[in-house]
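J.: Residue strings, one per chain:
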Amino acid sequence: MLTKTIFSGFGGQGVLSMGYTLATAAMLEGKHVTYFPSYGVEVRGGTANCTVAVSDEEIASPVASEPEFVVAMNQPSFARFQSILQSGGLIFVNSSIVDVSSARGDIEIVAVPTSELAERIGTIKVANMIMLGAFIRLSNIISYDFMVKNLTDILGEGKAKLIKINKEALDLGYKYVRE
Amino acid sequence: MKKLMSGNAAAGEAAVLAGCTCYFGYPITPQNELTEYMAKRVPEAGGVFIQSESEIAAINMVLGASVAGARAMTSSSGPGISLKQEGISYLAADELPAVILNMVRGGPGMGNISPAQSDYLQATRGGGHGDYRTIVLAPSSVQEIADLMPLAFDLAEKYRNPVVVLGDGMLGQMMEPVEFDHIKKPEPVAKDYILTGAKGRPSRMVRSLIFDVKEQEEHNWKLARKFQRIEQNEVRYETHLVDDAELVVIAYGTAARIAKGAIARLRQEGLKVGMIRPITLWPFPTKIIQETSKTIHDFFVFEMSAGQLVEDVKLSLEGKGRVHFYGRPGGVIPTPVELFRIISRHCYQIQRVKKS
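Note that the protein sequences, when read in sequence, are chains R and W.
The first sequence finishes on residue 179 if you use the numbering used here, and the numbering steps up by one all the way, no holes.
The second sequence finishes on residue 535 if you use the numbering used here, and the numbering steps up by one all the way, no holes.
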């Protein structure tokens, strides 16, 4: 099965690292995966996005014209990507700053107040990992247990000191959408 | 072990593992990650990295490093590759090995930074002035970039000729799992043409200025014979579901992987479509296309340009068969679904013609 997800938000919200983390975890699980970032004409404070495709078979195109999932961390991203989401698709919204009153009727919205949840951990920097925890719980693309177990390999040597706080953040998001 | 890497970074890693000790480049999107990667990696491996003042400087630095015997490369995209053409022509004339990577973007002119395949003719026809060719390798995945970079250096040295690796913005930017375990450091080879200081031996000269017309003609024929040998020995391609096909797609690089996705859908609909994917764009896989045309009459060329590869397909077929064409120039990335719709329409047309 082929699943495509667009991660989107402001530059600096960690949307590219969300996609990269998912792609690395999927690769370690033995799946075919592509990660395609938006590149080039970007401005400070502007939007950033990346597309992650995960499949059991070879992936023809890393581009998603009709993604199964969208993660929108800010308002412009919500407006832009809800329109291309597959009918019946899931859109994960950073409800701390995104107003979803303009949402299409045929898609499902998962509202995660990442800023408020991040306050519990004490730093806004983990807002993206909270969202990723929620995303993995409901998207079923990869195994959450596998990811948590291999977090050191997934995040790489540079983040060795931050494993604990990232685990905490993933867990918070995962549990938030389960409740 | 597999790593998740961009095509740009994978090209750099594979080059270093294949013994590239000199990288010279000037920034341009969408290949900047390669220059960035090399800035760190090449000095680590004991080599030389220079961000040059211009693309022209970079290619001439490659020429200098090559004439001194090093495995040298440069990379750029569209406009930057145009600037390098003078140096590439000199490399070919001087019979010096070099690897030039082009992550193609939409053009002509400044164009844009989106993926395109619009530099096909420039790459396969030499590109610069004079009577010469460059070997052109066209990967279609990040892993294949890693596989073809060492081959590019080997072929460049074997034939003493510049080799172009032709990717595009998508292959450069996209990350995929990639392995490098198979890349072996090359055995040092004695090069009897390089300039090392003429201590204890007669001096050598590397030049492309040949005023004597007869001598220049002989040099041209010598190069032509070399290009013939390359055409005989170095053609590479992949076939995909050709045996029972009624229509064969011909596509390379990014377009080929999009076509593969389209073919999977076409097969589900019962439409017998296969593909020939040239891996070397020059030398072009003419023979397999001619062979195929004995049993299959419809060829569908798909490329991210307004029609360049299609010329080589027509030349290969020499008037036999029917050539269908679909192109998306300008930096558009077509989808497998879009291509599926277009090809299926052609398939049904072919079936209708056959019945009537």
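Hints may be right or wrong, so weigh each one.
Unchecked claim - The list that follows gives simulated cross-link-like pairs (lysine to aspartate or glutamate, EDC-like), each with its CA atoms no further than 20 angstroms apart: (1) W:K182 x R:E119; (2) W:K181 x R:D153; (3) W:K182 x R:E29; (4) W:K182 x R:D153; (5) W:K181 x R:E29; (6) W:K182 x R:E157; (7) W:K181 x R:E108.
Derived from the structure by calculation, the hints contain no laboratory data.
Note that the structure is predicted; figures quoted are calculated from it, not measured.
J.: Now, for every hint given, state plainly whether the structure supports it.
T.: Quick rundown of the hints versus the structure:
1. W:K182 x R:E119: violated (34 angstroms)
2. W:K181 x R:D153: holds (12 angstroms)
3. W:K182 x R:E29: holds (12 angstroms)
4. W:K182 x R:D153: Distance ~11 angstroms between K182 of chain W and D153 of chain R Cα, so the pair holds.
5. W:K181 x R:E29: holds (11 angstroms)
6. W:K182 x R:E157: holds (13 angstroms)
7. W:K181 x R:E108: Violated, at about 35 angstroms.
In terms of the numbered hints stated before, the structure departs from hints 1 and 7, listed from lowest to highest.
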